[in-house]
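Chains as they are written, first to last, in the numbering used here: chain F, 1 to 345; chain L, 1001 to 1345; chain U, 2001 to 2345.
Certain hints may be false.
Below 30 Å or equal to it, Euclidean Cα-Cα: the simulated DSSO-like pairs (lysine-lysine) are [claimed, not checked]: (1) U:Lys2327 - F:Lys327; (2) L:Lys1262 - L:Lys1146; (3) F:Lys320 - L:Lys1320; (4) L:Lys1327 - U:Lys2320; (5) F:Lys146 - F:Lys262; (6) U:Lys2327 - L:Lys1320; (7) U:Lys2146 - U:Lys2262.
Simulated restraints, written as ranges between beta carbons of each label pair [as the list claims (entries may be wrong)]: (8) L:Ala1131 - F:Ala96: 40 to 50 Å; (9) U:His2281 - L:Gln1095: 48 to 58 Å; (10) U:Ala2317 - L:Arg1054: 39 to 49 Å; (11) F:Ile3 - U:His2281: 42 to 52 Å; (12) U:Asn2032 - L:Ala1002: 49 to 59 Å; (13) F:Arg36 - U:Ser2114: 37 to 47 Å; (14) L:Ala1092 - U:Gln2190: 30 to 40 Å; (15) L:Thr1277 - F:Ala317: 22 to 32 Å.
In short, the hints are calculated from the structure, not lab data.
Note that the Cβ used here is the ideal one computed from N, Cα and C, for glycine as well.
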Amino acid sequence: MAISLGELAVRFGCELRGEPDALVERVATLTNADARSVAFLAEERNRRQLMETRAGVVVLDRESAADCPTAALICSNPRATFARIVALLHPAPTQAAGIHPNAVVAPSARIDPSARVGAFSVIGERVEIGADAVIGPHCSLEQDVKLAQGVRLVARVTLCHGVQIGARTLIQPGAVVGADGFGFAREDGQWLKIPQVGTVRVGPDVEIGANTTIDRGAIEDTIIEEGVKLDNQIQIGHNCRIGAHTAIAGCTGISGSTVIGKHCMIGGAVAMAGHVTIADHVIITGNAMVTGSVLRPGVYSSGIPLEESHVWRRQVARFKRLDRLVKRVQTLERGAGSAQGEDDE
Amino acid sequence: MAISLGELAVRFGCELRGEPDALVERVATLTNADARSVAFLAEERNRRQLMETRAGVVVLDRESAADCPTAALICSNPRATFARIVALLHPAPTQAAGIHPNAVVAPSARIDPSARVGAFSVIGERVEIGADAVIGPHCSLEQDVKLAQGVRLVARVTLCHGVQIGARTLIQPGAVVGADGFGFAREDGQWLKIPQVGTVRVGPDVEIGANTTIDRGAIEDTIIEEGVKLDNQIQIGHNCRIGAHTAIAGCTGISGSTVIGKHCMIGGAVAMAGHVTIADHVIITGNAMVTGSVLRPGVYSSGIPLEESHVWRRQVARFKRLDRLVKRVQTLERGAGSAQGEDDE
Amino acid sequence: MAISLGELAVRFGCELRGEPDALVERVATLTNADARSVAFLAEERNRRQLMETRAGVVVLDRESAADCPTAALICSNPRATFARIVALLHPAPTQAAGIHPNAVVAPSARIDPSARVGAFSVIGERVEIGADAVIGPHCSLEQDVKLAQGVRLVARVTLCHGVQIGARTLIQPGAVVGADGFGFAREDGQWLKIPQVGTVRVGPDVEIGANTTIDRGAIEDTIIEEGVKLDNQIQIGHNCRIGAHTAIAGCTGISGSTVIGKHCMIGGAVAMAGHVTIADHVIITGNAMVTGSVLRPGVYSSGIPLEESHVWRRQVARFKRLDRLVKRVQTLERGAGSAQGEDDE
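Same shape as in the complex, but just chain F:
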């Protein structure tokens, strides 16, 4: 589909510098774009590519426009405008409604006629599937699952009994929502399973990444609020609550009963203990270790980046001897008569 720059400017409220009748038909990176492509600049590190681009048009902000050698669509949030242009130029293929003849659907399930159920999916008793929902192949919806309007399960998504998914939520392949939480009582050196009788409630406009797992609650429910974005291979323990519009990057694990506020950004590979509380508007950088609550908005980090191994080993050795170093400093302080009464803990 080709569209003119003028129409893009009007549709998305941009100022156009360039020829309104020029046509574009796809998106591309600044480096590889040609005259029929739309590119965008959202990060300072790409400034140089901007200056050399041959794109048909570049979406960018006012300050960057001077460096743009081609037509420009100027707006305040180039990334968001570009997202809309991608959706316009590269629409997802529509999938016909209806239930695949190779799906297995329980008699008591209620499936909106506008919904789609893919091959080899299994729909349990009393499941409800809303209008325009798309269930890809190999999905399993146990009894009493409820999908609101427009939910999309790409493929091979497992929703255990009673799980509720809000409108327009998108779940990538391999995700498991509602498996048992990890709850056991210790008795005579063995583990006795505590049946997990809560479920999972996921709000609208959520995205859940590939192979991400969200456990059902032990007694009450695990909650994912509206607009939350979860990347791949995230683990969310039982009875967590993730606040609205929080985004979490891949490989992060969140132990049970932890509550994360709204509008947080949690990096990848973060390890978060259970029963902690994270305030709204907290940013935690990748690979951080969270063992206690974070009660004020801000940016938080831990983790020490790599070094050449021989340097790193020496640093670790120093670290392991810090205690001794402190004692040596104390000895010097005593000798200098400068001992400040510090026992340093």
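Let chain F serve as the given structure and place chains L and U on it in line with the hints.
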């Protein structure tokens, strides 16, 4: 199902403080329980909720009973007693025996008539499935897999050829048991695959979490002993052995040929090297890094919790300059004539 | 299948010390091998087992041969030779060609007659499957996927639209290739999805582990070059490029747009930031944190191994007070008149 407090006390050997004829029918948290609910107190942090609860009855230990404003079931292990009450009040729905017409079963497979095989599951040649086993939908059991009595595969579990699963073991969706271990020989800068000819033997009463992976052995088998509990998204490399009744929390990765003892507790997101040995009764806290063997029981940790990023960055800078700090202290020691002959390595 | 030591020596170019007519028929570890077994020695730590082995023959290098109490196959790369012997003695069962009657294949798909498609697999429109490819059960190949000759999808592999897989590449169960990258624009405190219009191109002779996820590119493609070996539960973000013959161990996460060179070895549980570049021939040890580019070949590490918790807590406390320690040293230096004008930043 409603049950009287008196019957609960008798069944589970508790002392009842309260009206034996009062009825309860579900479990709830201390905060949200009503007069028909059973709650429990197992952690000191919930003491305040206990004092304000409106539960029909609370399961707790003798010391806490004085703070309980409602009926109490007093026992020595409230968490274990509560686990049994949950199982009584919230029984899992029973699933009819039989092989779903949409399953594919090899002619040489032997499936006990009391077992269940779900829709779209694939049962390979010479597979043996014991009494009362439940195979959910989308499971794949390759040739020569053996499931003992009462095994339950919730859904979408893949067991590769020859894998053996002990009685009553429960496997959550997305788990893969018996995929190839990561074994290659380097030759001329390329990797030559070493075929993995061992398999995986899982003992009885094990639980394996959602999307957890356990690799088959290279030559001999990978072993998970009885009563082991594995949370979600755990990776266990080839030829590991996990000792009986050890519990491992989510996102932990264990490299090949590592041997973990019995009755250990391994936290979440622990990274464990290969070829190490962990003794019995070792506790490793979450996010720890294990590069060598741990030969004595005890509690072990590593990892430094997060700080505000600007503070953290300063701490990392100090860490990276520890070497220089040590040299400065040495200089001072020499000046003070107190040099203790310490070269600090 | 039994084979003589003489034939093994000839086939694999080894020097044989021992009786050429002796027969072996399986592989085993040094410890458990019997007279009909082949074992190998590749690591110094197994020297003791070598000296006590009862194997029919041991594959080892010239320096170790003196310690071998049984027949020996001497070669320069025992691990590689052993890999070939395993493949010879334990061939994978061949699977008949053809499309399972319970597979669903789109009319426009082109499947080579020598390929196999397993039960309950779904093959989308315009998919191309090359000669001798094996698609196990429960696989889903969305539209326009291309598999070259000899690709093997063990079971339950999801390849999203347009994904290309090179010849002989092996993908373990649960892997997801081509799910949406994690790309959003922030607008008014919410996240707007950026449609991910790139795909994933995987080269020949790659292995992808169980439950590993590789996201499709945002605009251009995510690339896995030839001979790359990926262990289980690895996450690779959108627009990464992994260089030829690089091996990555389990649970490692690589954020978007990161480029890893050729012939690298990345340990398990490594957390790698986005937009970084790793040179060729870089080795990164397990659990390292990578926040910036690594531009020179070498061995790199981070992460501090565990200690008994009470010791560890003390070390962390010292670390958190490093700033104060530096100030105390500065005070001493001023007192000693030795202040070197160091403000230590």
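Determine which of the earlier numbered hints do not hold for this structure and return their numbers in increasing order.
Failing hints: none at all.
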